[in-house]
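Enquirer: Next come the chains, spelled out residue by residue.
4 protein chains.
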Amino acid sequence: MKISAKVREYLREVMEERVAFNHLLGIKFESFDPDAPALRFDMRPDLLGNPSRRILHGGVISATLDVVGGLAIMMKLVHAAPPGADGSDFPNMGTIDLRVDYLRPGRGKHFIATGRVVRMGSRVAVTHMELVNDDGQLIATGGAAYMIG
Amino acid sequence: MKISAKVREYLREVMEERVAFNHLLGIKFESFDPDAPALRFDMRPDLLGNPSRRILHGGVISATLDVVGGLAIMMKLVHAAPPGADGSDFPNMGTIDLRVDYLRPGRGKHFIATGRVVRMGSRVAVTHMELVNDDGQLIATGGAAYMIG
Amino acid sequence: MKISAKVREYLREVMEERVAFNHLLGIKFESFDPDAPALRFDMRPDLLGNPSRRILHGGVISATLDVVGGLAIMMKLVHAAPPGADGSDFPNMGTIDLRVDYLRPGRGKHFIATGRVVRMGSRVAVTHMELVNDDGQLIATGGAAYMIG
Amino acid sequence: MKISAKVREYLREVMEERVAFNHLLGIKFESFDPDAPALRFDMRPDLLGNPSRRILHGGVISATLDVVGGLAIMMKLVHAAPPGADGSDFPNMGTIDLRVDYLRPGRGKHFIATGRVVRMGSRVAVTHMELVNDDGQLIATGGAAYMIG
Numbered sequence: 001m002k003i004s005a006k007v008r009e010y011l012r013e014v015m016e017e018r019v020a021f022n023h024l025l026g027i028k029f030e031s032f033d034p035d036a037p038a039l040r041f042d043m044r045p046d047l048l049g050n051p052s053r054r055i056l057h058g059g060v061i062s063a064t065l066d067v068v069g070g071l072a073i074m075m076k077l078v079h080a081a082p083p084g085a086d087g088s089d090f091p092n093m094g095t096i097d098l099r100v101d102y103l104r105p106g107r108g109k110h111f112i113a114t115g116r117v118v119r120m121g122s123r124v125a126v127t128h129m130e131l132v133n134d135d136g137q138l139i140a141t142g143g144a145a146y147m148i149g
Numbered sequence: 001m002k003i004s005a006k007v008r009e010y011l012r013e014v015m016e017e018r019v020a021f022n023h024l025l026g027i028k029f030e031s032f033d034p035d036a037p038a039l040r041f042d043m044r045p046d047l048l049g050n051p052s053r054r055i056l057h058g059g060v061i062s063a064t065l066d067v068v069g070g071l072a073i074m075m076k077l078v079h080a081a082p083p084g085a086d087g088s089d090f091p092n093m094g095t096i097d098l099r100v101d102y103l104r105p106g107r108g109k110h111f112i113a114t115g116r117v118v119r120m121g122s123r124v125a126v127t128h129m130e131l132v133n134d135d136g137q138l139i140a141t142g143g144a145a146y147m148i149g
Numbered sequence: 001m002k003i004s005a006k007v008r009e010y011l012r013e014v015m016e017e018r019v020a021f022n023h024l025l026g027i028k029f030e031s032f033d034p035d036a037p038a039l040r041f042d043m044r045p046d047l048l049g050n051p052s053r054r055i056l057h058g059g060v061i062s063a064t065l066d067v068v069g070g071l072a073i074m075m076k077l078v079h080a081a082p083p084g085a086d087g088s089d090f091p092n093m094g095t096i097d098l099r100v101d102y103l104r105p106g107r108g109k110h111f112i113a114t115g116r117v118v119r120m121g122s123r124v125a126v127t128h129m130e131l132v133n134d135d136g137q138l139i140a141t142g143g144a145a146y147m148i149g
Numbered sequence: 001m002k003i004s005a006k007v008r009e010y011l012r013e014v015m016e017e018r019v020a021f022n023h024l025l026g027i028k029f030e031s032f033d034p035d036a037p038a039l040r041f042d043m044r045p046d047l048l049g050n051p052s053r054r055i056l057h058g059g060v061i062s063a064t065l066d067v068v069g070g071l072a073i074m075m076k077l078v079h080a081a082p083p084g085a086d087g088s089d090f091p092n093m094g095t096i097d098l099r100v101d102y103l104r105p106g107r108g109k110h111f112i113a114t115g116r117v118v119r120m121g122s123r124v125a126v127t128h129m130e131l132v133n134d135d136g137q138l139i140a141t142g143g144a145a146y147m148i149g
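Protein chains in written order, with this note's numbering: chain A, 1 to 149; chain B, 1 to 149; chain C, 1 to 149; chain D, 1 to 149.
Careful: at least some of the hints might be erroneous.
Stated by the list, open to error - In silico contact screen, one side only, chain A against chain D (beta carbon under 7 Å); selected entries: (1) Ala81; (2) Asp101; (3) Leu103; (4) Arg116; (5) Arg119; (6) Met147; (7) Ile148.
As the list claims (entries may be wrong) - Listing some non-contacts, in silico: residues in chain D with all C-beta distances to chain A over 10 Å: (8) Arg12; (9) Pro51; (10) Asn92; (11) Asp101; (12) Leu103; (13) Arg104; (14) Ile112; (15) Val118; (16) Asp134; (17) Leu138; (18) Gly143.
Note that these hints are calculated values from the structure, not bench results.
Heads up, the beta-carbon is just placed ideally off N, CA and C, and yes, glycines get one too.
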């Protein structure tokens, strides 16, 4: 269950560059573990939510969890059928719904979001996600359902 | 149940300028209706999610719905106790959790997010939110719970 | 967009009799409106949750909302392709996920749950639901995603 | 972090007997682990949902997950301040919202629901829950927020 260097590069380019809003958030790959892929982003002033406390905007958290949930599914799909060189067969996926539990204020220097697939059907997949800060504190958890294929 | 010009200006400054990530998203006030405040943002290339289709990133949608849900509560709190001139008494609120249902691909020139309070307790409030595009099509709905006070 | 008497009788039998747990809850049809079907159930001592206050168990609320969400979809499916006399073609559906917002304590003599489809795809449908008591007070709202076909 | 025999008996009586709808569902204590309490119930014909397949009604699942989430919090509260002999100080709690992900059809002879607290505030607590069948298969997961105190 290894991901080839070529597929890694493809995934990295899609997630970090081609998805424009991921690029705006500064999302980078942290782990290509096919069972628990992870993304990382650094704290930046323009990601803050509360004007008086230095904590992440809830929308940055929900966005990142949605992205890493989708990534967890993509890892499974890409492993089953690696994409062509031209990337034309980017797996077709759509988020059906998303839930985020905000557990602690989003304080930290950087953050790591991890996704895991808990149901992989032929048409619908469900993932659980979590966000921790650089101290390993659990900031938020999430669940999402995606339509695939 | 009118919002004074001074409070409007205060809310506008907080929502559009002081919350950095709102500013990054380009969120602007669309309506100060105290029962259904609305925000607006324009489509921009860096808000796209899918590299091959011109649709909003799901994270932009979840972020905007979270913001407008919080705004709906803030309108109630601010109306009950208008903030001081220095903005020191920015209402203290935290999102407990958020759910988003993605109903249609996020296509459009601009988008309007509206929030409504469905439960206003002394400690917890719950809101329903929706996002429509410039054709009035319903793109997403959401629900969120917030801790207040 | 009328539902024939025969189909009504079929739906009533399925929802009230053949789904055993609906029968245990005492769920009855209140409205066959194809856009907003409604179910009704009476308060009973064994549906109580809190031992010291006479309020509905949250599980009765989540169960009823799940049922009426599924019913809202079934009304659309049955209208498009009425079931055979033997009921063999009971539409095949599965709940993907469910969210319930509990807005007020579940006090009342009877309760009415209403469901509405907000997204009807070929494979996934999403509904919004609400529960009111006999005074018309909103007790809970919900959202759910279902796999169909 | 042990739960005394007296408190166990109190919790058992509340959960199994005094909460009427729990009794109707046939919910029994499986584990008093203060960090991961568990409940158990047996499959019964009147808990079925689908008339043609022998699977649990989704409402039984959502009800049980809500109950075990509340129990996980109660274990923390009871441990901090054991209830009086008369049970008058039954901890005051209310579910704010609940999400359930239905992962597999609810087949089995009996089911075990486990709850864990992921956020314990002074006013709001959040739990994660799961339901497995007698083969250890994960049937559903859930998350819920509760108001306490």
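Enquirer: Hint by hint, note whether the structure agrees.
Expert: Okay, the hints, checked on the actual structure:
Interface hint at Ala81(A): violated, since its Cβ lies 24 Å from the closest Cβ of chain D, which is beyond the 7 Å cut-off. A cut of 7 Å between beta carbons decides the hint on Asp101(A): the least distance to chain D is about 5 Å, and the hint holds. Checking Leu103(A) against chain D: minimum C-beta separation of about 4 Å stays under 7 Å; hint holds. Interface hint status for Arg116(A): violated, as the beta-carbon distance to the closest one in chain D is roughly 11 Å, over 7 Å.
Residue-level restraint check for Arg119(A) holds (minimum Cβ-Cβ distance to chain D is 4 Å; threshold 7 Å). Violation of the interface hint for Met147(A) is found here, the shortest Cβ-Cβ separation to chain D being roughly 15 Å, above the 7 Å cut-off. Evaluation of the Ile148(A) hint against chain D yields a violated restraint, the C-beta minimum of about 15 Å exceeding 7 Å. With a cut of 10 Å on Cβ distances, Arg12(D) stays outside the contact zone with chain A, its closest approach being about 29 Å.
With 10 Å as the threshold on Cβ separation, the claim that Pro51(D) sits away from chain A holds: the shortest Cβ distance comes to roughly 23 Å. Here Asn92(D) stays apart from chain A, with its beta-carbon at least about 22 Å from theirs, past the 10 Å limit. Separation of Asp101(D) from chain A is inadequate, the least Cβ-Cβ distance of about 5 Å not exceeding the 10 Å criterion. For Leu103(D), the requirement that its beta carbon stay farther than 10 Å from each beta carbon of chain A is not met, with the minimum near 4 Å.
With a least beta-carbon separation of about 7 Å from chain A, Arg104(D) fails to lie farther than 10 Å from that chain, contradicting its non-interface assignment. Annotated as non-interface, Ile112(D) keeps its C-beta farther than 10 Å from every C-beta of chain A; the closest such distance is 17 Å. With a minimum CB-CB distance of about 6 Å to chain A, Val118(D) fails to clear the 10 Å threshold, and the non-interface call is violated. Separation of Asp134(D) from chain A is adequate, the least Cβ-Cβ distance of about 20 Å exceeding the 10 Å criterion.
Consistency note on Leu138(D): stated as away from chain A, yet its beta-carbon is not over 10 Å from all of that chain's, at 7 Å minimum. With 10 Å as the threshold on Cβ separation, the claim that Gly143(D) sits away from chain A is violated: the shortest Cβ distance comes to roughly 6 Å.
The structure fails hints 1, 4, 6, 7, 11, 12, 13, 15, 17, 18 (numbered hints given earlier, in ascending order).
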